[in-house]
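**Student:** The residues making up each chain are set out below.
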Amino acid sequence: MNERAQHLTTHSLRRLARSLAGALWLGALLSCDGASGAIVLKNVSYDPTRELYTEVNAAFSEHYHAQTGHTVEILQSHGGSGKQARAVLDGLDADIVTLGCAQDIDVLAERGQLLPARWAERLPHRSVPFTSTIVFLVRRGNPKRIHRWSDLARPGVEVIAPNPKTSGGARWVYLAAWGHALRSSHGDEAHARAFVADLYRHVPVLDSGARGSTTTFARNGIGDVLLAWENEALLSSRRRGTRADFEMVVPEDSILAEPPVAVVDTYARRHGTEHAARSYLEFLFTEQGQAIGAKHYFRPTSESVRARHRSLFAELTLFTIDEVAGSWAAAQAKHFDEGGLFDRIYQPGAR
Amino acid sequence: MSGRNRHMPGFRLTLGFTIFYLLTLVLVPLSGLVFKTATLSWARFWEVIASERAIAAYRLSFGASLGAALLNVVFGFLVAWVLARYTFPGRRIVDAIVDLPFALPTAVAGIALTYVYSKHGWIGQYLEPMGIEVAFRPLGVVVALAFVGLPFVVRTVQPVLLDLDPEVEEAAACLGAGRWQTFRRVILPRVVPALVTGFALAFARALGEYGSVVFISGNMPMRTEIAPLLIVGRLEQFDYAGATAIALAMLVVSLKRRAGVDASSHR
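So the sequences go chain by chain: A and B. The first sequence maps to residues 1 to 351 in the numbering used here. The second sequence maps to residues 1 to 267 in the numbering used here.
Simulated from the structure, these hints should not be mistaken for lab results. You can trust all of the hints, since none of them are fake.
Calculated lysine-lysine pairs in the DSBU-like style (CA-CA distance at most 30 Å, straight line):
{"no.": "1", "chain 1": "B", "residue 1": "K36", "chain 2": "A", "residue 2": "K334"}
{"no.": "2", "chain 1": "A", "residue 1": "K83", "chain 2": "B", "residue 2": "K36"}
{"no.": "3", "chain 1": "B", "residue 1": "K36", "chain 2": "B", "residue 2": "K256"}
{"no.": "4", "chain 1": "A", "residue 1": "K334", "chain 2": "A", "residue 2": "K83"}
{"no.": "5", "chain 1": "A", "residue 1": "K144", "chain 2": "B", "residue 2": "K119"}
{"no.": "6", "chain 1": "A", "residue 1": "K83", "chain 2": "A", "residue 2": "K295"}
With the rest of the complex left out, here is chain A (with noise of 0.2 Å):
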């Protein structure tokens, strides 16, 4: 090697161990700056709550700062329930779930021992924060005239929903139309699953969640009516400025959703964020955070709250998945797992 060669190997040797030490430097600052003052708290939720979360976690950062001091920095992230339920037990380390449906949660304490089977218990209202139902959107005048459950079976209409298959908004759905079947007929199950049947005959369109169902009825135009969240429905009926293209129809009743939250034991207590998870979801149930919720068009569990929004929220029979399928694992097997009343709709034959 000549001397040129080498001068300029070392040159280029040293330039590169310069630009590694600047590397580590930089590196190490950021790690610095996450590890000095905010605490980061990772909040897995599903579809629909995107906005409210948003508002929940300006909220309770200002809250939590001004009660410890601590600065506290909440990552969101949405996706369809079931999917967000897969990821979490594959790894993804939330601190918190706030999850469409408990049966996604329970997956977590049993598969993934991550944290205990009792979760449940660990908040007020069985973890339920605000709940919801299932309401109908139709097209502005309503013109194929559908007020109650039974006209979604009439000849001519198109009902979109999702796959419950795919997802867990489509189960509280399928339910909701489960559960009206059962009560009107005073618990006849062979009535309820030829109601059902008949229901999803008339959907021309199974999206795989409920964003997708959004998309097809209010953007594409297909069908008369979508089995929506009432908090979807309220804001597409409501959306300020512009006139609203679509109604929001109350069935005469419904399913009462229960959208649980959790700390996740497990990740909480490997980040050192155990205080901070659970103060976060002791918000969800204070005035401030039941009120925010409501704002997004979510009932309230607190009494209080609740009366002051009564406007807000239509009066209807409200049943619990408890009462028309026993229970969300009960009603998993006998209605979404394979080869169960679900399947069977569209391949009769089958088991």
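Given chain A, put chain B in place with the hints provided.
**Tutor:** Frame of chain A, contents of chain B only:
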């Protein structure tokens, strides 16, 4: 092979790296597929992969992928021909448009295609009176898969067309060949291997496509449900073994087809 290339050192190093790379990226994850499926009994495995609904889904997945790939062979060849043979204003833009399906997230493509082809959409509203429904029908699946597969055919055929020497065609003309004869006897034989490769790539890509199809297909069991959706449905039920069983069944069928394509292109 190594004997012929002795003047280029590094055979062992590069082969070692190749094997390591393929192991970590492809073979180890795929063996997980086999191991997970192996937790099923034979009877259950067969029940999962040969159910009526699964078979309807394979039929749609393979049928629509085949249709889309064939469509792309014809029209992709045409696009490649135009891009390789003619210069016209905006050629670079057209050339860039071909790559869009590579760049666009497929879910975005799916939503856009559904919007355009549903019965109130820009194109769908004119097709509906003619009795042609695209969105939420098997045809919609073909359209989405044709979209994702287009660049594969164009990008494999284009360089071959650019390489063709015009003098060969002139020679053919001088020897008295007609235009059609020149195309069929001189150009086509040179392009066929690239067309077959493009077809195989577009077909394989279409088989695994999920993001765009779930929006446009309507996902109706037995009618417009693709096999990857069945896999996702099983994952939602935490039936990991059932999901990998269907994946494995699809993989085996694709490998068999792949072998068939290889055999026909090496003939």
